[in-house]
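Heads up: the sequence lines are chains F and D, in that order.
Position 83 (the first sequence) corresponds to 83 in the numbering used here; numbering is contiguous.
Position 4 (the second sequence) corresponds to 4 in the numbering used here; numbering is contiguous.
Treat the hints as calculated values from the structure; they're not laboratory data.
If you're wondering where the values come from, they're calculated on a predicted model, not measured in any experiment.
Careful, some of the hints might be misleading.
As the list claims (entries may be wrong) - Dumping the calculated DSSO-like pairs for lysine-lysine here, alpha-carbon to alpha-carbon at most 27 Å: (1) K234/F with K215/F; (2) K258/D with K341/D; (3) K258/D with K342/D; (4) K18/F with K284/D; (5) K122/F with K162/F; (6) K26/F with K234/F; (7) K162/F with K91/F; (8) K279/D with K89/F; (9) K215/F with K244/F; (10) K341/D with K122/F; (11) K265/F with K234/F; (12) K342/D with K129/F; (13) K44/D with K3/D; (14) K125/F with K284/D; (15) K91/F with K341/D; (16) K279/D with K125/F; (17) K91/F with K125/F; (18) K341/D with K18/F; (19) K279/D with K129/F; (20) K89/F with K26/F; (21) K342/D with K18/F; (22) K89/F with K18/F; (23) K89/F with K122/F; (24) K91/F with K129/F; (25) K125/F with K7/D; (26) K44/D with K7/D.
Unchecked claim - Covered stretches of chain F, going by a simulated chain D footprint (3 or more residues, C-beta under 8 Å): (27) 59-71; (28) 76-86; (29) 98-112; (30) 230-244.
Glycine included, every Cβ here is placed at the ideal spot set by N, Cα and C.
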Amino acid sequence: MIEINEVTKILGDREVLKNITLGVTKGTIFGLIGENGAGKTTLIKCLTGIYLPDQGRVRIGEQEVFDNPAVKARIGYVADQNHCFPGMKVKELIRFYRLSYSSFSEERFQSLNQVFQLDLNKRLKQLSKGMKMRLALGLNLSIQPEVLVLDEPTSGLDPIVKREVTNLLLQEVEERDTTIFISSHHLSDLERICDNIAIIQEGQIQYVNSLEGMKRNIKKLQVVFQEEPPQDLKDWPEVLAMEKLGRVHYLITKEYSREFEEKLKGCRLMFLEEVDLSLEDMFIYAAGEGLKNGKVLV
Amino acid sequence: MAKYWSKALFYNERRNGFWASAFLTGLLVKTPLIDMISNLNHLKDAYERGLLTGSDWGRWFGEMLLLGNGGMLIVALIIVGWLVLYQFRDSRQEAAGDLMASMPFTRRQIIFTKWVTGVMAIAVPFVVIFLLLTVFYWVNTEWISTPFRLLPQWATLYFLFLACFYSFMFFVQTVMGHPGIASVIGVICTMIPWYLLSAIPVILRQLLGLNYGDAALLDGIERLGEYTVWTRWVRPRYEYLFPDWTTHQLIYTHYGLKVISMVAVIVLFYWLAQQAYAKNPLEKNGKLLMFRFLEPVLIWGFAVCLGMLIVFLFGLGYGSGFFGLVLYLVAGTAIGYWLAKKAVLYYQG
């Protein structure tokens, strides 16, 4: 459904996106995670046709997105900043969307608004950050998009609405087979809903996998050696990061396998146990510890 | 038409257009309509008291319409400048600009709908005032000796003049990323042809030790400068009438040529704006310039203009001599270059 092919984008003198290639299958939820300034928002702006990539192409349903209203009519976009048209009333913005998107459903908006509780007569400047986010979500779900692109959609939302929103997204995929591309810092939210995850770092995709595949491959192992561990353990290709707490060594592996386990056991182990990693842990090790050790998740 | 026009975009633009139209209508109702009503009341009063003498008092309508609105023109230009600024204010902010760019509109639709809304906002007040003045003219025809044709001529010429200014400012907004600075630079740019054509001959004459009349080329350039005082385009002339050649009336000279020229200017700047906007890299919204190739134009343009201004302020009339003038010119240009470079670096990020 979404094809991002060798996309490069330069902003000022900085290459913000470096030869990015990604594919997203129809009816799935794809999560993009990365540190601040990693290039998430720039990638999303290329994906939604706001920016024209300097190299490469972005296609949705086999059509170029940039300056193509036919494709854009099928995309919903919820930006991380929604401080636009401050003087406009909510009901005026609804009318603007209704005139812009032939697929806009007022009934759908009304039913969503039972959750979001927006006052239609308020001006946008009177809305809080969370309210603006609810409005953007409501409007973009009401256009019944084929592709929904969300940049930090849960920021500013209270936990109850956040839960409602993630449920709505899951419902959207289930009922309408919508493809969702989502970037977020709230990794626990992504973990709950995403089928696939990509980690972006310094403008490059470091890792792409299904969430299941990620959990299968990236593991934390708690290990106690009978004697000293091998000198080169940190340099093993499977080891992404290593920590030591007393006699216990914590190894983060990016390629967990039986062979690796056997290899470790060959180093005279007293104890070995797998510890489950959350998506947040995986990201921290990939972005923080991995890089510190000069290692990447590829 | 849908290829160019979007009802949704018009809905979004209508607010700015409405307010500009309302202010412009208010302005035109004050000057000339209310001023004329007031003047007519004075005339009637003078007539009743037997104070109306001479045969040419009936020309007041034409004179008030064609001559008595210098202040009105300045206010109208400010309203038009404000309209363009507000039309681009939202779309040059990251959030609104990105939202619009992600929605199902082509850039051609965005720019065309914006421009047409602006031109309509200028046209509607002139249609309204034309209709009101037409009624006023025919109701009070015994008090007016001006031919009616001057009224549509006036309305058309003023509308086209404001539409020219609007289209030029609109074009400037499409090549710059910061609407406020674009407004200031746009206004300055309208004066640059006059400034250069008037200043260059004066400075060159001083540098070469010539007097007015010594160099036909320099005199010609200076005279050409007078034609770049744009308000000349809407200024009427007195026509002295046969047989006594003392009776005169106001007319517009070269009216057809002026109309055609202004329409050409409007079309040209709209076309340039559309071309520029189609190539706008939206990541430069909020920056000074949308295109890098314009940086040296802005820097050197500012530097040279400031250099010449320094010569005017400190060099001419103080007996500075050839080397003194060159020194002022070079120093002013260098300061201008430094300032402009700093500004470009600051705003381009």
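How the hints compare with the structure:
1. For the suggested pair K234/F and K215/F, the alpha carbons sit about 21 Å apart, so the restraint of at most 27 Å is met.
2. Of the pairs offered as hints, the one joining K258/D and K341/D is violated, with about 39 Å between alpha carbons and a cut-off of 27 Å exceeded.
3. A threshold of 27 Å between alpha carbons decides the hint, and for K258/D with K342/D the separation of about 41 Å lies outside it, so the pair is violated.
4. Distance hint between K18/F and K284/D is fulfilled; the C-alpha atoms sit about 20 Å from each other, no more than 27 Å.
5. A distance of roughly 22 Å separates the Cα atoms of K122/F and K162/F; the hinted pair therefore holds under the 27 Å criterion.
6. With a CA separation close to 40 Å, the supplied pair K26/F and K234/F exceeds the 27 Å bound.
7. In summary, the hint linking K162/F to K91/F is supported, as the alpha carbons are separated by about 23 Å, within the 27 Å threshold.
8. Of the supplied pair hints, the one linking K279/D and K89/F is violated, its CA atoms being roughly 32 Å apart against a limit of 27 Å.
9. A C-alpha spacing of about 22 Å is found between K215/F and K244/F, which places the hinted pair at or below 27 Å, so the restraint holds.
10. Our distance criterion of 27 Å between C-alpha atoms is broken by K341/D and K122/F, whose separation comes to about 44 Å.
11. For the suggested pair K265/F and K234/F, the alpha carbons sit about 16 Å apart, so the restraint of at most 27 Å is met.
12. Distance restraint check for K342/D and K129/F: the Cα-Cα separation of roughly 36 Å exceeds the 27 Å cut-off, and the hinted pair is therefore not satisfied.
13. Distance restraint check for K44/D and K3/D: the Cα-Cα separation of roughly 56 Å exceeds the 27 Å cut-off, and the hinted pair is therefore not satisfied.
14. Among the hinted pairs, K125/F with K284/D is consistent with the structure: their alpha-carbon atoms are about 25 Å apart, no more than 27 Å.
15. Restraint check for K91/F and K341/D: the C-alpha separation of about 46 Å exceeds 27 Å, so the hint is violated.
16. For the proposed pair K279/D and K125/F, the alpha carbon gap of about 31 Å is over 27 Å, so the pair is violated.
17. Distance hint between K91/F and K125/F is fulfilled; the C-alpha atoms sit about 13 Å from each other, no more than 27 Å.
18. Taking the CA atoms of K341/D and K18/F, the gap is about 30 Å. The hint is violated against a cut of 27 Å.
19. Of the supplied pair hints, the one linking K279/D and K129/F is violated, its CA atoms being roughly 32 Å apart against a limit of 27 Å.
20. With a C-alpha separation of about 35 Å, the suggested pairing of K89/F with K26/F is violated against the 27 Å cut-off.
21. Pair hint K342/D plus K18/F does not hold up; C-alpha atoms about 30 Å apart against a cutoff of 27 Å.
22. For the given pair, K89/F sits about 40 Å from K18/F by alpha-carbon distance, which is inconsistent with the 27 Å threshold.
23. Distance hint between K89/F and K122/F is fulfilled; the C-alpha atoms sit about 5 Å from each other, no more than 27 Å.
24. Distance check on the hinted pair: K91/F and K129/F sit about 18 Å apart at the alpha-carbon level, within 27 Å; holds.
25. With a CA separation close to 24 Å, the supplied pair K125/F and K7/D stays within the 27 Å bound.
26. Distance check on the hinted pair: K44/D and K7/D sit about 50 Å apart at the alpha-carbon level, beyond 27 Å; violated.
27. Coverage of the segment 59-71 of chain F by chain D holds. Counting CB-CB distances below 8 Å, 3 residues qualify, and the rule asks for three or more.
28. Figure legend: the segment 76-86 of chain F, annotated as covered by chain D; annotation consistent (7 residues with Cβ-Cβ distances under 8 Å, at least 3 required).
29. Counting residues of the segment 98-112 of chain F whose C-beta lies closer than 8 Å to any C-beta of chain D gives 3; at least three are required, and the coverage claim holds.
30. Using a Cβ-Cβ cut-off of 8 Å, 0 residues of the segment 230-244 of chain F lie near chain D, which falls short of the minimum of three, so the contact claim is violated.
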